[in-house]
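> Below are the chains, spelled out letter by letter.
Protein chains: 4
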Amino acid sequence: MVTLTGAEIGKHNTKESCWVIVHGKAYDVTEFLPEHPGGQKIILKYAGKDATKEFDPIHPSDTLDKYLPADKHLGLVDMASVKTDPQEEELMDELELARIERVKRMPPVSQCYNLLDFEDIARQTMKKTAWAYYSSGADDEITLRENHAAFHRIWFRPKVLVDVSRIDLSTTMLGCPCSVPFYVTATALGKLGNPEGEVVLTRAGYRENVIQMIPTLASCSFDEIVDAKQGDQIQWLQLYVNQDREITRKIVQHAEKRGCRALWITVDAPQLGRREKDMRSKYDEQAANVQDNESTVDRSQGAARAISSFIDPSLSWKDIPWFQSITKMPIVLKGVQRAEDAIKAVEYGVDAILLSNHGGRQLDFARPGIEVLAEVMAALRQHGYEHKIEVYIDGGIRRGTDILKAICMGAKGVGIGRPFLYAMSTYGETGVVRAMQLLKDELTMNMRLIGATKISDLDESFVDVGSISTHTNAPRDHLSSQAYDRLVTPPFVKSKL
Amino acid sequence: MVTLTGAEIGKHNTKESCWVIVHGKAYDVTEFLPEHPGGQKIILKYAGKDATKEFDPIHPSDTLDKYLPADKHLGLVDMASVKTDPQEEELMDELELARIERVKRMPPVSQCYNLLDFEDIARQTMKKTAWAYYSSGADDEITLRENHAAFHRIWFRPKVLVDVSRIDLSTTMLGCPCSVPFYVTATALGKLGNPEGEVVLTRAGYRENVIQMIPTLASCSFDEIVDAKQGDQIQWLQLYVNQDREITRKIVQHAEKRGCRALWITVDAPQLGRREKDMRSKYDEQAANVQDNESTVDRSQGAARAISSFIDPSLSWKDIPWFQSITKMPIVLKGVQRAEDAIKAVEYGVDAILLSNHGGRQLDFARPGIEVLAEVMAALRQHGYEHKIEVYIDGGIRRGTDILKAICMGAKGVGIGRPFLYAMSTYGETGVVRAMQLLKDELTMNMRLIGATKISDLDESFVDVGSISTHTNAPRDHLSSQAYDRLVTPPFVKSKL
Amino acid sequence: MVTLTGAEIGKHNTKESCWVIVHGKAYDVTEFLPEHPGGQKIILKYAGKDATKEFDPIHPSDTLDKYLPADKHLGLVDMASVKTDPQEEELMDELELARIERVKRMPPVSQCYNLLDFEDIARQTMKKTAWAYYSSGADDEITLRENHAAFHRIWFRPKVLVDVSRIDLSTTMLGCPCSVPFYVTATALGKLGNPEGEVVLTRAGYRENVIQMIPTLASCSFDEIVDAKQGDQIQWLQLYVNQDREITRKIVQHAEKRGCRALWITVDAPQLGRREKDMRSKYDEQAANVQDNESTVDRSQGAARAISSFIDPSLSWKDIPWFQSITKMPIVLKGVQRAEDAIKAVEYGVDAILLSNHGGRQLDFARPGIEVLAEVMAALRQHGYEHKIEVYIDGGIRRGTDILKAICMGAKGVGIGRPFLYAMSTYGETGVVRAMQLLKDELTMNMRLIGATKISDLDESFVDVGSISTHTNAPRDHLSSQAYDRLVTPPFVKSKL
Amino acid sequence: MVTLTGAEIGKHNTKESCWVIVHGKAYDVTEFLPEHPGGQKIILKYAGKDATKEFDPIHPSDTLDKYLPADKHLGLVDMASVKTDPQEEELMDELELARIERVKRMPPVSQCYNLLDFEDIARQTMKKTAWAYYSSGADDEITLRENHAAFHRIWFRPKVLVDVSRIDLSTTMLGCPCSVPFYVTATALGKLGNPEGEVVLTRAGYRENVIQMIPTLASCSFDEIVDAKQGDQIQWLQLYVNQDREITRKIVQHAEKRGCRALWITVDAPQLGRREKDMRSKYDEQAANVQDNESTVDRSQGAARAISSFIDPSLSWKDIPWFQSITKMPIVLKGVQRAEDAIKAVEYGVDAILLSNHGGRQLDFARPGIEVLAEVMAALRQHGYEHKIEVYIDGGIRRGTDILKAICMGAKGVGIGRPFLYAMSTYGETGVVRAMQLLKDELTMNMRLIGATKISDLDESFVDVGSISTHTNAPRDHLSSQAYDRLVTPPFVKSKL
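Chains as they are written, first to last, in UniProt numbering: chain A, 1 to 497; chain B, 1 to 497; chain C, 1 to 497; chain D, 1 to 497.
One or more hints might be untrue.
Because identical chains cannot be distinguished in the list, a pair is counted as satisfied if it fits within a single copy or across any two copies.
Listed next, the in silico EDC-like pairs over lysine to aspartate or glutamate satisfying Cα-Cα at most 16 Å (straight line) [said to hold, decoys possible]: (1) K127 - D485; (2) K440 - D319; (3) K318 - D163; (4) K412 - D351; (5) K66 - D168; (6) K25 - E208; (7) K72 - E340; (8) K128 - E96.
These are computed hints drawn from the structure, not numbers from a lab. In this text the structure is predicted, and so the values were computed from the model without any measurement.
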């Protein structure tokens, strides 16, 4: 195989002939341009150049082998001959320089006392586009904020004078034993936050005995994440169902073979959401000083949509028996949002449901999982179904008390996503481990303080949920506040001077 | 016809003899002064001068022909002989200069991701008086803000596992087929925001297949707006009923002849509202440094009142049969606000009602349309009338989710006013088209995410409206907050230095 | 009678011999010191000096004649011989200079579009102590703010298609005809805001045909206020009941003789409230740089307590028949706050009650009058008493809509206090007239917009009061917010530089 | 006994040989290091040095005698030979200098008009670590703030025309006569705020006839506090139950012998809470510029945990009879939080319960005492138990109205903690006396204003508690707000300059 030079590759910098370098190898992607799920624009930006930095977080390492025919693999590149773009440094604006300075002055990890501390540091130290991808939500981010706020409508009714010398947080979820009733839920594009990607979560999960759900849209490949598993560590698979069911079948059966212990089918994302913070950050980076007056709506906005075009919007209840036929793993419907669908899930023989609004990233004004939980548990009990299915929730969990509230109300466990991403993006594995420890520490103390010694002690008598469905306090609507021009009282006459 | 010079006209600059120039022609308005609906003051400001700039947004082009006798039309003016007021430039204050600078630096339209983005840019780039006229509301603007906030008390109950590959937003309103369940509602004085006025909305409506309601108080003449119609584009007529019913009859029958497909009679504005932001902005412009200590309340405040003195406050239910006798167009009562009146409307054989508080511009503490909708639909169902009348709402709609909520609750469609004005005032036709596309894009995605494929799928099961009538969270009261002097804890003794 | 010099008087500047000058005459107040309701301290500040400026707003002009024995009246002073305190000017701090500058640049009165505009200008232009006395409320001023906020929990249900060509605001209150259903309520110390005092309100009331209630604690004497009456203008008397009932009897019978048409007995102030804003402002003025470490609670705090020590805390229901025996004027209980007392009032044959919490100046967390109105009207109807007594409310009224809401809910009329004081303190009679006109203008328009043509049309169907008793939104607690030290996320390490 | 020099002691500055000076005496604490409840780290910081300043607030004066064997008492130190650390002054940062400056300019105590004034001054003048220890609460301090906010959901229904000439605030609590229905509750580490510690509260309590509860974790020794008692002053004992019941028995019986009149057993703190503000402040002081990247959770965080490791988490209902067997003092369960436990307390023959969440310092989202009071009184009445037990509350009380509300709802009395600490930390005994007087003054006035003359007049008819359990208005969540990156509308293009 020949070795190519930067100069040679640099000539192929147009739509007509487009070569790019990734990890020291050159590829001819001219024919692939129209098929790229993230649009042509982003590839053309790197036409004739090294695209590794942009490529990495979005694509698992096996992507090019899987999707680009062998004859488009042009061979090794003499990287010494590739010039770095001198402009790159210059383009770095003041905000970015300030960010880099903040990274240098980060507080020690021991100063993070809770999950929100990691989040606030991530906000100030992550690359703007990465932060925007992780933190953004649908529309006005009202559901995003409500997810956390909803927990504030639930209050405790602690018991006193209970012997709480020993606290045991262990439980089982989907038949898997675990040290705590929470798990690391699936989130996309881990390398945006940490160059190693999702395997960092795998390692931390092992250290703290916390189950990990492997995302379909990981930056690492599925096998890399499974390979990072240690001992009898437990992993589950999160699945976006492909329009080509054969591909889906292969993914599921491969996961089962590699030891995954449950299949979580995402049902709340027939189309991936539109997140304006994500779109805005991407624009800022790519087009900062360009006057671009196209009026047509660009449908490839943000990282989210770029990576999800294969997802099948026709997925429906009638597909469920097929899934049951291709795997022995317990099946979970990820993203149920009303009692009627919970009942249906029992009747379809599904093993568990996750009440979730996809982290507030899909439909604004979808209700928080914790609120839907109250509705669902009441309906299940009414049908006598409460022991026929396990119920999970996710969204907005930041404190041990949040977890306790969910368990008291009937959840079997809860998923945590962004907080571990923020811990990973700031302090790596150390951060994730500390975040998990902090939650355990909070849980242990709070169990003691409400007068419960083990997970099975927890029941509805420990919580006052009377206000759970009261939506009178909608979270603050920032865009609307900004656009509103407030009334003022009469101005004083300007001084003559 | 003679050609007049600026010098000649300049002599007629008093109450006793008042000439003005409009579009290169001179007019003697001396006798008309006391009849001018907007008061004498504003005309006298331009006595002996060119009034075109002030005249245009407020008056359709056929106004002078219609209302000023032919003998007061003095003929052409040699515009080269008319001096521009050198003071005008000087009077431009710092705020205005900053505004003009902002206009130059407007973000590209592709950066507007939602309707509030247009609004915020309009706030910063429109002329102060124009912005104030469009954006202002009654009294403390509590209803104005509640109109939008009320949508935040409604939450979704999405279905999952529905095949949503194809989404169809089309529907009919008043028998007219249309691509989406929203229409461009009637708003006054389009030229305040864009020199071309309402025809910009007509053109955008054509491009996006959105119905337009033509306002009585348009800056363009009715015929100009109809002439701008293309293909089988649909228009409706909004009507302020004149004290002279003969005038009203002519307007209605002319509209029907010109193809208007529905008659929307405004019933919530026997007197046009008083909007302090509008009044304040007008004062600032006209009287900035004048100490004016009149105590009597000036009844010609703001643009709103200036243009509406002909509206008949005696309009009542007994006029309805007469309207039914003069037109075959479906009749809609625009501005119903309580269930009793909705029932009455059915009994009077009216075709549809619009639940509206006139964009919060009339009566402060009138309830939002979306809230009245819940009351009205319940009453209609109780009377078995729910299929006898179509129900529309407007007010505060900014998002696709807002529209979906209204349709789920029983509305046939919703009207949108200010957002399209803001889009038109900032980016013209391109802006309005983009605004419509953004709404369609949001609607399509949100239909998919709640699990509905067509408008007729939508019903009450998709929404949680339990908090809709809870007014405990009154919007912030800005004037009152400003006037209140907050309590403070004891101040420290001042340092001796 | 001798003429005294400044030098002679200046010698009597101690507790042992204390002379003061008021309006050019000298008085020996040594023996009176311990009896002064406002405490000795404030008199001693002026021992040997001219006290006129401090004396005037607090004391009606007949005070010295009434309360100081003739032999303590020392005679005329040669005012040329009295030196002004050179320090006074120097003591004027920056804040006071800024205030005086603001007074010069006050907006023209025509720029005040509503009552809150007057209030905000008063806040910025009144002397600090005067503003504090007028504007302050009990404790954390939560009731003070709730009084206004409570109106925001009531929403309108307007009727449309009602002939509203003519609007008639006239009504009767306590048998007295009047142009509007509001009156000027009694407030103390009018000269703090305007050197002429309460007669300014009398004159404005005459011009706008608005009834005035004369306060016991006026700065002007009762007779001065009655003398200012014109034509068939109507006045009422507000009464603080004196511990010496004979004094009370004389006051009541004198008022009746002078034409007062109703007797409003204050029943919510057995002790005048403690208002910290008032206390704080007084301290700032008197003791700014003095380190004063007394720990004992000073019971003569603020202007309020200084003027009220004669009020009888033993006043009770058994006194009512006595009042009925000494006057033929209708009797009103001013300050009722629960339904049980309203029923009792009917049974005692009282003519009317005022539901009021004394402008939020007495008991914090007393409920707003408008809220108590809902409770009281329900109880009266339940007992069949709704036509046996008239019900009034006051507190927090700033808008025509506030008045309409009260009338719809069953009030016969409403009292307005502070807003007219603020109008008077900023623009004098002109201001009060304009404030009254603005209210009338708002009322007329709002009657039209809700579809009512006369006061008797108004009933409960026009309002949605479902949220009236919901106190979940307590007004912001400023002291507590200030004292609270908010949690923060970890700080970044300080840069080495 | 030898006299040691600073130089000799200075040599023993390691883990292997660790000597410290306290109050002029030297101690060998090498062997004690691993047992120190507050961790080794804090002792090692003072190895070979004078630790008196750090030692004093945390340890009663008899600590070393009690816990360190006699042979480790090394004898007197020649203090002249001990060098002060020159670095100490240098380390004082700008914030600390500003604080010291503020202390010099403190407002006179007479300027404190309410308990929040003391709190705000304390916030600005106390040492950061001391303030953090006193003021901090669990997790997001939501319960901490809710404790105060909950009172804002209760409104008064005053009676008028009641003879209120005489107001009597006296009552009994646990059989003890007292001047007011509040007491000084137990709070730890008084010397953090005032070098004299808890005896300051004792003296103030004597002057104002207010009962004091003596804390287990006082800075003064138990006997010092009892010795400070005067006349027939009443004291109670607060007890943390030791894992060694014999120690507990001795403490209880010693207290009874020394005249304590009631035993308050803390039941809401099997583990002392984790308070992040406290932890953060400690870190700032000790480790300001150290990069400390340990990820393991340090379990000795903050002052709270350091002092509480002996508390027995196994304490349970079955221990109650044993307490009843060892003392004749009335027994109170301090920290009950649900109705079921109140009923159980009656059935166990307990004399009283305190509804409390430990000042918001233990479990976040524990409900405020005042809210639990409504639940508990309803349950007691339902069981016919309302006269079988006394009920107390504490938490968030800052105003006389707060106290009245609790008594109206059925509480026998209320405990007040932090406010007296703040008064003591700012103005010492004078401050505490004034704080007590202010509360009495408020109580007297407010009794008068609601129409009650003595404590037994107060009942539920005086309050509107309809909103007491409404948690829709969760207090503001500061950490979460800080971490959230709000959405913005599109930025304008940057100017080319």
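> Using 16 Å as the alpha carbon limit, work out where K127 and D485 are close: within a copy, between copies, both or neither.
between (32 Å within a copy, 14 Å between copies)
> Taking 16 Å as the upper bound on the Cα-Cα distance, should K25 and E208 be classified as within, between, both, or neither?
Classified as neither; 38 Å inside a copy, 46 Å across copies.
> Treating 16 Å as the Cα threshold, decide for K318 and D163: within, between, both or neither.
For K318 and D163, the Cα distance is within 16 Å only across copies (10 Å; inside one copy 50 Å).
> Tell me, please, which holds for K440 and D319 at an alpha-carbon limit of 16 Å: within, between, both or neither?
Result: close neither inside a copy nor across copies, 38 Å intra and 29 Å inter.
> When Cα atoms must be at most 16 Å apart, do K128 and E96 count as within-copy, between-copy, both, or neither?
So K128 and E96 pass the 16 Å test inside one copy only (8 Å; across, 34 Å).
> Checking an output row: K66 and D168, CA cutoff 16 Å. Within, between, both or neither?
So K66 and D168 fail the 16 Å test inside a copy (46 Å) and across (35 Å) alike.
> With 16 Å as the alpha-carbon cut-off, assign the pair K412 and D351 to within, between, both or neither.
within (12 Å within a copy, 40 Å between copies)
> Using 16 Å as the alpha-carbon threshold, which applies to K72 and E340: within, between, both, or neither?
neither (50 Å within a copy, 72 Å between copies)
Going through the hint list in order, the structure does not satisfy hints 2, 5, 6 and 7.
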